[in-house]
Amino acid sequence: DAGVIQSPRHEVTEMGQEVTLRCKPISGHDYLFWYRQTMMRGLELLIYFNNNVPIDDSGMPEDRFSAKMPNASFSTLKIQPSEPRDSAVYFCASSLRRTAAYGYTFGSGTRLTVV
Amino acid sequence: AQTVTQSQPEMSVQEAETVTLSCTYDTSESDYYLFWYKQPPSRQMILVIRQEAYKQQNATENRFSVNFQKAAKSFSLKISDSQLGDAAMYFCAYRNPRGQLTFGSGTQLTVLP
Numbered sequence: 349d350a351g352v353i354q355s356p357r358h359e360v361t362e363m364g365q366e367v368t369l370r371c372k373p374i375s376g377h378d379y380l381f382w383y384r385q386t387m388m389r390g391l392e393l394l395i396y397f398n399n400n401v402p403i404d405d406s407g408m409p410e411d412r413f414s415a416k417m418p419n420a421s422f423s424t425l426k427i428q429p430s431e432p433r434d435s436a437v438y439f440c441a442s443s444l445r446r447t448a449a450y451g452y453t454f455g456s457g458t459r460l461t462v463v
Numbered sequence: 046a047q048t049v050t051q052s053q054p055e056m057s058v059q060e061a062e063t064v065t066l067s068c069t070y071d072t073s074e075s076d077y078y079l080f081w082y083k084q085p086p087s088r089q090m091i092l093v094i095r096q097e098a099y100k101q102q103n104a105t106e107n108r109f110s111v112n113f114q115k116a117a118k119s120f121s122l123k124i125s126d127s128q129l130g131d132a133a134m135y136f137c138a139y140r141n142p143r144g145q146l147t148f149g150s151g152t153q154l155t156v157l158p
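So the protein sequences, as listed, match chains A and B. For the first sequence, our numbering begins at 349 and goes up steadily by one. For the second sequence, our numbering begins at 46 and goes up steadily by one.
It should be emphasised that the hints constitute simulated quantities derived from the structure, not laboratory data. Treat the numbers as computed from the prediction; the structure is a model and nothing was measured. Worth double-checking, as some hints may not be accurate.
[Said to hold, decoys possible] Cβ pair distances, simulated, as ranges: (1) B:S150 <-> A:N398: 23 to 29 Å; (2) B:T48 <-> A:R370: 29 to 35 Å; (3) B:Q128 <-> A:E366: 41 to 47 Å; (4) A:D411 <-> B:L92: 41 to 47 Å; (5) B:A116 <-> A:Q365: 22 to 28 Å; (6) A:Y450 <-> B:A116: 21 to 27 Å; (7) B:D76 <-> A:S414: 29 to 35 Å; (8) A:G364 <-> B:Q128: 43 to 49 Å; (9) A:K416 <-> B:Q102: 37 to 43 Å; (10) B:S150 <-> A:S414: 25 to 31 Å; (11) A:E410 <-> B:T155: 17 to 23 Å.
[Stated by the list, open to error] Non-contacting residues of chain A with respect to chain B, defined by C-beta distances greater than 10 Å in every case (computed): (12) G390; (13) V437; (14) T461.
Even for Gly, the Cβ is constructed at its ideal location relative to N, Cα and C.
Put together the whole structure using the sequences plus the hints.
So, in structure tokens, the structure goes:
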């Protein structure tokens with residue numbers, strides 16, 4: 349089991365550019381979460397999916413952010429256009445519903461820097 | 046909405062000693078789970094220990110144990126025989142019945158040799 353795989357590990361982009369973060373959950377997991385971590389706001393839940401369907405996107409900061417899960421093995425988080433205040437570490441996590449009580453498995457995160 | 050509060054931004058402990066990290070939460074639900082995650086400088090989020098709300102017995106994982114006080118909505122983490130490798134940011138987290146995981150602001154633990 350390779351765990352939750354996120355790419356890229358680091359991303360530096362200029363303000364106004366489109367950024368796409370990628371996540372491959374653990375095979376068979378039916379929950380997928382996107383979190384953002386900053387010093388000021390800590391770990392914030394942005395959106396989560398169950399069986400590829402978005403369940404709650406109330407944490408998505410604004411319309412510049414969008415997330416998709418076209419299939420059970422892939423999800424993207426897109427920021428367009430990016431702004432310096434979007435700089436953060438973005439985590440993806442996955443879980444199997446029936447074992448969610450055992451916690452969620454996190455990827456290594458993508459550190460995004462918008463200059 | 047659920048909130049998770051960690052009132053200790055920083056803690057330090059001498060190697061081989063015991064330290065307790067505090068966490069309180071606010072919820073109106075009866076069925077939930079609580080977790081402690083560890084985040085070392087590598088930034089990987091590592092599950093340390095979990096507790097089911099319906100269980101009165103406190104969870105234990107080797108040197109890590111919790112003091113779960115459901116009525117007080119308190120969930121503290123005790124680390125015994127602290128090791129240098131325990132140095133990290135520790136996050137308390139609450140999972141509601143719908144699967145959402147909410148984190149506290151974290152406690153930075155320093156282990157002194």
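> Would you say the C-beta atoms of D76 (chain B) and S414 (chain A) sit inside 29 to 35 Å of each other?
Replying inline: Hint holds: Cβ distance 32 Å, inside 29 to 35 Å.
>> I want to verify a distance hint. Is the separation of the beta carbons of D411 (chain A) and L92 (chain B) within 41 to 47 Å?
In response: Violated, at about 33 Å.
>> If I claimed the Cβ atoms of S150 (chain B) and N398 (chain A) lie 23 to 29 Å apart, would that claim hold in this structure?
In response: holds, 27 Å
> Falls inside 37 to 43 Å, the C-beta gap from K416 (chain A) to Q102 (chain B)?
Replying inline: holds, 42 Å
> For the pair T48 (chain B) and R370 (chain A), does the Cβ-Cβ distance stay inside 29 to 35 Å?
Replying inline: holds, 31 Å
>> Verify the CB-CB distance for Y450 (chain A) and A116 (chain B) against the hinted window 21 to 27 Å.
In response: 25 Å Cβ-Cβ, so the 21 to 27 Å window holds.
> How does the Cβ-Cβ distance of G364 (chain A) and Q128 (chain B) compare with 43 to 49 Å: does it lie in that range?
Replying inline: Once the Cβ atoms are compared, 46 Å apart, the range 43 to 49 Å for Q128 (chain B) and G364 (chain A) holds.
>> Given the hint of 17 to 23 Å, is the C-beta distance from E410 (chain A) to T155 (chain B) inside that range or not?
In response: violated, 37 Å
> Can the suggested window of 22 to 28 Å be confirmed for the beta-carbon pair A116 (chain B) and Q365 (chain A)?
Replying inline: violated, 51 Å
> Per the stated criterion, does the least C-beta distance between V437 (chain A) and chain B lie above 10 Å, as a non-interface residue requires?
Replying inline: Violated, because the least Cβ-Cβ distance between V437 (chain A) and chain B comes to about 6 Å, which does not exceed 10 Å.
>> Does T461 (chain A) clear chain B by more than 10 Å, comparing its Cβ with all Cβ atoms of that chain?
In response: holds, 14 Å
> Does the no-contact call for G390 (chain A) survive, Cβ to all of chain B over 10 Å?
Replying inline: Violated, because the least Cβ-Cβ distance between G390 (chain A) and chain B comes to about 5 Å, which does not exceed 10 Å.
In the structure shown, a violation is registered for the earlier hints numbered 4, 5, 11, 12 and 13, in ascending order.
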